[in-house]
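Undergrad: Residue numbers (my numbering), protein chains in the order written: chain A, 1 to 186; chain B, 1 to 296.
Rather than coming from a laboratory, the hints here were simulated on the basis of the structure.
Treat the numbers as computed from the prediction; the structure is a model and nothing was measured.
Where is the CB? At the ideal position from N, CA and C, for every residue including glycine.
A hint or two may mislead.
Stated by the list, open to error - Label-pair distances were calculated between CB atoms; the ranges are:
1. B:Leu280 with A:Ala71: 50 to 58 Å
2. B:Ala87 with A:Met47: 37 to 45 Å
3. B:Leu78 with A:Ile159: 39 to 47 Å
4. B:Ala170 with A:Ile159: 33 to 41 Å
5. B:His24 with A:Ala127: 43 to 51 Å
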Amino acid sequence: MARPGAGSDEALLRSIAAGDAAALARLYERYAGALFGYLHRLAGDRMTAEEILQDTMLAVWRSASAFEGRAKVTTWLFGVARRQAHNRLRGRSGPEPAAAELPDRPDQGAGPEELAIAAAGGTPVAAAIDLLPGHHRDVIALVFVAGLPLADVAEVLEIPVGTVKSRLFHARAAVAAALTAQEVPE
Amino acid sequence: MKELLPAYAAGTLPAAERDRVRAHLAGCPRCRADLAAWQVIARAAAPAGPAPDPARLVRAVLTRSALGGRPAHPPRRLRHLAALVPAEARLIRPAVPVASTLVMLLGVAIVVVQAAAAAPVGAAQVLALVAPIVAAAGVAGTYRSGRDPAAEIVAATPTSGRLLLLVRIALVAGYDLVLALAASAGLAAAGAAGTASLNALVGAWLGPMALLSSLSLLIAVRFGPDVALGVAAAVWAVRVLAGGVLVGDDGPARFIVQAWATTGPVLAASAAVTVAAVILAGRGEPGTGRRATHPM
């Protein structure tokens with residue numbers, strides 16, 4: 001991470017707090033892909049993701065002065081995005097989807113081989129990811145879409161790194177199980 | 001080693017660890033298969049399209065910031081109360097303060113005219129007769145009634161009816177208090193015949209005013225403003241008769257006059273009755289009141 005110099009994230013946040021709209025644009029450009037990808041994966045559709053992205057940047061614009069420098073700008077930013085997503089998606093579609101039908105335990109006989117085979121056969125892995133419970137999708141999106149190191153993911157989610165890892169493995173097992181379950185009837 | 005594979009697939013491992021994993025993978029088919037599974041997930045999770053254009057997004061954010069204002073914070077209590085007072089003042093019909101002023105002026109005029117006459121009436125006696133009934137009549141009208149054009153809106157506001165009632169009492173009683181004080185000060189300064197000191201003048205009407213107003217309020221809350229006004233007038237008539245026509249040195253008349261004086265117990269009783277009225281106001285509707293919504 002850049003040191004607090006002229007072009008660093010921290011300097012950009014200070015400029016944003018002082019009301020510099022160009023700094024907001026620069027900060028957004030720096031994280032646009034990661035932020036939008038993360039929100040798109042959480043929201044499931046592009047329109048909602050764009051709305052939450054706007055909410056997020058609006059919150060950054062308004063509360064940049066509240067950033068105390070205790071956390072990294074990256075984790076602060078994704079923390080803001082996650083809260084905004086939570087605000088907008090809360091109570092959207094009733095209970096968490098498919099928590100019952102997707103087994104949460106890794107030892108279901110569906111291993112990495114099955115997953116690779118299913119993917120090779122064109123089975124929609126993305127759709128299976130979309131059906132994951134929220135806390136699994138959150139970890140997948142932060143690790144693979146936002147591209148945050150596991151330690152940063154742990155900070156954003158406010159959970160230990162070990163929990164991040166176990167959620168990753170659980171999520172992968174659940175995706176594999178869902179794919180093999182689809183394969184069976186055919 | 002397996003624990004490092006997700007981060008390796010995501011490309012977020014530090015260089016040293018990345019090289020270590022790469023070296024291990026070359027000789028471990030199991031880990032290569034595991035990595036392939038993570039890569040499937042990573043590819044599937046990747047976003048479908050590009051992120052929105054920065055210029056457009058920032059413009060939208062700035063527009064929303066300018067239009068939307070700050071997120072709504074609940075108003076601070078004191079500021080809320082400060083805003084409530086002028087708002088309630090606008091709801092009080094102008095006839096109430098105007099009529100109060102006219103009656104009070106009439107009382108002052110009587111004192112002044114009587115001062116010129118042969119047998120002057122004391123200013124204290126006149127004010128003691130006028131001020132209480134003026135205040136009681138004003139307070140009787142404060143509780144929301146069906147005729148109040150704002151009654152339905154008031155009933156539907158999120159602010160509690162008790163708080164609104166307290167604000168109205170404070171406004172009306174305060175106004176009448178200021179009016180009576182002004183009349184007393186004016187008479188004391190003019191030195192009209194039979195005028196006692198300002199303290200004695202105020203003492204002549206303060207206790208009766210408080211007691212009659214609080215009774216009027218309690219009845220208004222329970223039975224509506226019309227009943228309150230009638231009862232206040234009747235009670236006050238008894239007091240006037242006891243003090244003037246039925247002058248007896250003993251018996252009930254004397255007791256009645258003593259009950260309407262500026263004394264500690266009378267003021268305390270007035271406060272107690274006011275508290276009872278405010279508590280009662282939160283409980284239900286007066287007989288003539290209307291609910292914001294009607295039961296089906």
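Undergrad: Compare the structure with each hint and give your call.
TA: Now the hints, each set against the structure:
Restraint check, Leu280 (chain B) to Ala71 (chain A): a C-beta distance of roughly 54 Å satisfies the suggested window 50 to 58 Å. About 41 Å separates the C-beta atoms of Ala87 (chain B) and Met47 (chain A), a value consistent with the hinted range of 37 to 45 Å. Restraint check, Leu78 (chain B) to Ile159 (chain A): a C-beta distance of roughly 41 Å satisfies the suggested window 39 to 47 Å. At roughly 53 Å, the beta carbons of Ala170 (chain B) and Ile159 (chain A) sit outside the given window of 33 to 41 Å.
Between His24 (chain B) and Ala127 (chain A) the CB atoms are about 33 Å apart, so this pair departs from the stated range of 43 to 51 Å.
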